[in-house]
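Q: Residues per chain are reported as follows:
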Amino acid sequence: MRSLFYLLCSAFVIGLAYWAYKENYRTQASLRGVKELQQHIAQEKETIAVLKAEWAYLNRPDRLRDLVDLNFKDLRLIPLLPSHFGDSEMVSYPGPDMFNINTPVRVISTDPENGKEWP
Amino acid sequence: MIRTPLRPLARVIEARKHGENPDGIEAAERTKRNLATLQKTRKRAEARLTMLGLLFFLGFAAVGGKMAVLAMSEPKEPRMALSNSQIYSQRADIIDRNGTVLATNLITTSLYAQPHIMINPEYAAKELAKIFPDLKLEKLMEQFTGKRRFVWVRKKTSPEQQQRVHNIGEPGLLFGPREMRLYPNGALAAHILGGTGFGKEDVRAAELIGVAGVEKFFDARMRDPAQVDKPLQLSIDLTVQATTRRVLEGGMKIMEAKGAAAVLMDVHTGEVISMVSLPDFDPNDRPAPLVKGDQSDSPLFNRAAQGVYELGSTFKLFTAALALDKGLVNENTMINTRGPIKWGKFKIRDFHNYGSQLSVMDVIVKSSNIGTAHMAKDIGGKAQKKFLGALGLLEPTKLELVESSHIKPLAPSNWSELSTMTISYGHGIAATPLHLASAYATLSNGGYKVEPTLLKTDSDNLHGARVLSGETSKTLMRMLRNVVTRGTASFGEVKGYSVGGKTGSADKPKPSGGYYDDRVIATFAATFPTHDPQYVLVLTLDEPSIQAAGEKRRTAGWTAVPVAAELITRLAPVLNMRPEVAGSGKVQYTQVKN
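Residue numbers (my numbering), protein chains in the order written: chain Y, 1 to 119; chain R, 1001 to 1594.
So that you can see chain R by itself, here it is in the shape it has in the complex (with noise of 0.2 Å):
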């Protein structure tokens, strides 16, 4: 670039020459120059800003594009996020005490058919009978042929049955995945897990609620996806389970029951170890309930935890448990037992007549009606109903089943002197098994309040408000062990385990009013060993009759007795406990050397 001089030699001699002023030139010359760099910045300085609006466009357009790809983006889960556990499973397993598994899930395939692009209709529906026995070829092929353009045919099928259904090579038979729920042990524990149903069904998969049972119970902690890897530990013991149902249920058929069940339970936690009512079912399977008739008859009733009974004399231990806390007798304190009493046109009497007078001890014992009332009409009802309500007796149990949750016991809404009375001795108040198990807990554990629980407890003693002093407890076990080694409860001896009990046959009532002659309950409330009480074992038998000794038996010393006996001997073993033999623990070891 030539440089222009702002005084150009030449043009101020011209200038001089004609006595002009040189330096008009150099402003003018400087003014040129001056409006040269003026509009050399002005192109820069736009240039700039042209391209600072490039770019702040640029960026503006990345921001906006990026947002309108997102909005129009389907949603999508990050993949290094995507958790291994959310691919499978979306139901939580359950266990037992021991880790054993209850129930698990388990990946199958649905089959469904879109009929529209079938082929041959009525050769699949043919073959699809074969392979399913248990569906109609009628309806199948009404399915078929219709106008319905989805059909679902199978919701579990096998990998087996899978691959005969591929072999009809019909393309409009499909399969989805689909995740179901197995029970493993079947009918054992099945009024406990009670069962899952299918909720909202889709081709790639099902949700799995459940129904009944602890799964019902627990079905929103079942589901919760943080929780869904780690199991729900039951305090069942599945072997102590296994045992408990194979015994009772060769006690029922032998005593010609129609029904059964038994409670194991801690004394001290509450927990429940094993629970059994008969007939049961297969979870895996679940029945359909009854649409008419009782519903106590369906196998889906649990007469553990729902049934409820009038349990009879086993009430009687409760009258003596607070007549003896209350300080008002001893054990060996003598109760007129002579009878009938007559109370209006009602007379209370007892199986035998026991003569004029027993103990405390041996009104428990024999199981004196007369006696019992007399007892409950010095404690007075108001004591007596306050004492049942303590053990957990006028109010549902708060067990983990959606089916006992709302299960209370039936008590008179009027408690007269004579409701006290027949009350005393287990007559004109119901409860469950269950009630009775917990509150005969309370009995052996020295008192204090027990609550029965489905879930495994890390602490051996939670112990709950105290009900009755550890004194009378433990009098209460004394009179529990007599009313096996001389009462009647005679059969329930178990050599080494100190079993105690108290027997209970109740009248059933007629749905009309009134009672059966020849049908009863039959209860034995046991706790074992009396001496240390580490376990209450309820049993009931639902209308048990059995021929011995010349006669048909229908009381529980001679059918629900004999049946916890085998139980106990049964379980005791499984249970870790080692039999108390005759010398054993006597002999000392000294070690010599010499």
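Next comes chain Y alone, as it looks inside the complex (with noise of 0.2 Å):
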């Protein structure tokens, strides 16, 4: 009976010390991994910041103001002026809503041959 015990209770030990020695790695492969991540994470940041200074040059007043003269071709824009301000008087009462132009129309009228109606 206590030879029993005793080896159970070495079982019990062994067991233990497996089980502390399993998470040991475990904690130490996770904490190599959290290192991992926040490495990544730092990197990313790094990234983030980068674009956004960048995004910030790029948005600069005066080069922007630079782009809309080179293109003004295109773009068409000015300087915001008080004139551009419009009021609602400007815009027209909405008229009644026009029918669906997608659907089918009859054009009916008589053929002055026969008198039937064509087509």
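Some hints here could point you the wrong way.
[Unchecked claim] If you want a taste of the chain Y side facing chain R, the calculated C-beta under 10 Å gives, among others: (1) 58; (2) 61; (3) 79; (4) 82; (5) 84.
[As the list claims (entries may be wrong)] Okay, the calculated beta carbon distance ranges per label pair: (6) 1294(R) with 41(Y): 48 to 56 Å; (7) 75(Y) with 1297(R): 34 to 42 Å; (8) 63(Y) with 1297(R): 25 to 33 Å; (9) 1514(R) with 65(Y): 38 to 46 Å; (10) 41(Y) with 1148(R): 35 to 43 Å; (11) 47(Y) with 1485(R): 53 to 61 Å; (12) 65(Y) with 1344(R): 54 to 62 Å; (13) 58(Y) with 1485(R): 43 to 51 Å; (14) 66(Y) with 1334(R): 52 to 60 Å; (15) 75(Y) with 1134(R): 33 to 41 Å; (16) 1478(R) with 87(Y): 24 to 32 Å; (17) 81(Y) with 1296(R): 30 to 38 Å.
[Stated by the list, open to error] As a list, the in silico DMTMM-like pairs of lysine to aspartate or glutamate whose alpha-carbon atoms are at most 20 Å apart: (18) 45(Y) with 1224(R); (19) 1408(R) with 1451(R); (20) 45(Y) with 1229(R); (21) 1495(R) with 1532(R); (22) 1156(R) with 54(Y); (23) 1495(R) with 87(Y); (24) 1147(R) with 1122(R); (25) 1230(R) with 44(Y); (26) 1449(R) with 1532(R); (27) 1292(R) with 1403(R); (28) 52(Y) with 1229(R); (29) 1156(R) with 46(Y); (30) 1385(R) with 1451(R); (31) 1216(R) with 1285(R); (32) 35(Y) with 1074(R); (33) 1258(R) with 1507(R); (34) 1230(R) with 46(Y); (35) 1258(R) with 1543(R).
These aren't lab readings, by the way, just hints derived from the structure by calculation.
Quick caveat, the model's predicted, so the values are computed rather than measured.
All C-beta atoms, glycine included, are put in the ideal place defined by N, C-alpha and C.
Need the complex rebuilt from these two chains, each delivered in its own frame; the hints are there to steer you.
A: Here it is, written out as structure tokens:
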């Protein structure tokens, strides 16, 4: 009986030791993973910062103004002036709804030769 | 184990045979047995004690050992607690009121050399001089062949330059990561942002330290690790700032001025929406301060917040404001304008002769020095000083710029009656355009004190102490409007925005004393729209002149005012202000259903 108890105990201890060993390595592995992830995040953040800076640099007012001047033919943009403000009076009151132009319409008239409907 | 009985039969019989007491045998046996038990227990106790001692020793050894290890090893942050932000970025971004980036950080590489491990220093120096044209070949040669073991070559390099340096193939040229400050908008808002420089430098990193502007004012906050993720939001609007700079630059060229400044301020909150000073500089490549000569000629000089000028007739409004607020006059009271006023050998005269008397309104509209001086005499110097003090015109502003925090307006220490009269029309007192803008904002917003600020405020109404009554404020706005519709600032009319303003042209003082005849500071302080003031614009031109209507004109009405009008035309739509066209707002719409 006693030896069985000892046996069980030692088996339990061995089991525990194995579990602890495994957990230890798993923890270390996830820590490594976290570290890698954090490096990755840091890299991505750096990239974002660079992109943000580039975006701000590309959108600087001086450059945009020059681009607008260069592409005046296509864009026809000029600085916003007070005369550009519209008034609700300038918008005409919406008329009645137009019918759907995709619906086919039958056009009927009478054939002058025989007096029948045509076509 | 064979147990010995206490009374072994053989020995008891033997003892009985000899007539001895067998109890003696039992006693002896018992003693023997007790002795054995005692020895056994003792042994066990000893073993236990040893075991316990060993355990304690192990325990203490473990603690001690750990302590020794901790003491000997390098201190290290626990890996899990490493926050991401600390890996890069050691300085917070700066953004404008709409969130556009004004300043951010970029990782670049620095280039340094270790001459003692160089293989061919001469060749490396020649190639480097080719890649970086601003480096001197002789100096590089001297540094690389000298005794130094470490030489900084460049603090910032671009990836292209880095590749070209790699192509030299010199093992003694090394790179280190380096964070740099980037101002993507270049010279826009240069004076506000200031600039940064490197503090303590290392091969692996370098400190970024603010050297001027908000960068220096908020240096501690920008570098605070707890706030490094939160960008600093300024009250500046980048679009408005860009427009202001462009128009001002054009105006400065047309008016042949050597410098110009403009401040646009929200009259209610004191937020500076744009502040431009020309000439300016690129904060990415901040020029060195002037070693000799006048600092105010340097592009680093902020004319709007640092330049202390006599702002001339723009101060007349303060005199009128005080006289109205004290109830001494109303806008129709007639003021004696017969001149010139003689004060000892000093004479006060007007630009034109305005006849014998003008109403208070017309004194402002026509800008009569004599009329204002008479009003100031009635008010008295003490009250005038107190009022100008209440408007913040005698103390440095609280603007968040290091440059402006110690700029105190120049006022006479002895406030005599003569100074009271000259100050009434803006001579003998000098302030920055920023001071003027905040004082005009106070007059415009109904009379509440305004402190200029560069930080965006969330609340709409940050009203300070009341300086003058709302009624006076309204009268003043009518006066300013009249200056534009029929007075000295007639070029300032912008259709639909009801601009009101006051001009000021002051002769520039000579460094040797006295005033120049042909150099003026032309100022226009405007507020719009006058029936519900939203913004104050102060525009200053340094030494402007223009050939107009047959003669050379220098007064503000011909120089600063047209530029300001153009500026308001361009700015008001950007500021989301609708022009008020006749007829708009009067039409009523009724929805009819049948």
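Q: So does residue 1294(R) sit 48 to 56 Å from residue 41(Y), Cβ to Cβ?
A: 52 Å, holds
Q: Quickly compare the C-alpha distance for residue 1156(R) and residue 46(Y) to 20 Å and report which way the hint goes.
A: Since the Cα atoms of residue 1156(R) and residue 46(Y) sit roughly 17 Å apart, the hinted pair holds (cutoff 20 Å).
Q: May I ask you to test the hint 33 to 41 Å on the CB atoms belonging to residue 75(Y) and residue 1134(R)?
A: 38 Å, holds
Q: Hey, residue 45(Y) versus residue 1224(R), does the alpha-carbon distance stay inside 20 Å?
A: Since the Cα atoms of residue 45(Y) and residue 1224(R) sit roughly 19 Å apart, the hinted pair holds (cutoff 20 Å).
Q: Tell me if residue 58(Y) is really an interface residue toward chain R, meaning its C-beta lies closer than 10 Å to one of theirs.
A: Since chain R brings a Cβ to about 8 Å from residue 58(Y), closer than 10 Å, the hint holds.
Q: Has the given pair, residue 35(Y) with residue 1074(R), been kept, meaning a C-alpha gap of at most 20 Å?
A: Holds. Residue 35(Y) to residue 1074(R) sits at ~19 Å (cutoff 20 Å).
Q: Taking 20 Å as the top limit, are the C-alpha atoms of residue 1156(R) and residue 54(Y) close enough?
A: 17 Å, holds
Q: For residue 63(Y) and residue 1297(R), compare the CB-CB distance with the range 25 to 33 Å and indicate the outcome.
A: 30 Å, holds
Q: With respect to the beta-carbon atoms only, verify the hint that residue 1514(R) and residue 65(Y) lie 38 to 46 Å apart.
A: 44 Å, holds
Q: Would the hint linking residue 1385(R) and residue 1451(R) be met if the CA-CA limit is 20 Å?
A: At roughly 19 Å apart (the allowed maximum being 20 Å), residue 1451(R) and residue 1385(R) satisfy the hint.
Q: Taking the CB of residue 75(Y) and the CB of residue 1297(R), does the distance hold inside 34 to 42 Å?
A: 40 Å, holds
Q: Is the hinted range of 24 to 32 Å satisfied by the C-beta distance from residue 1478(R) to residue 87(Y)?
A: 27 Å, holds
Consistency note: the structure conflicts with none of the earlier hints.
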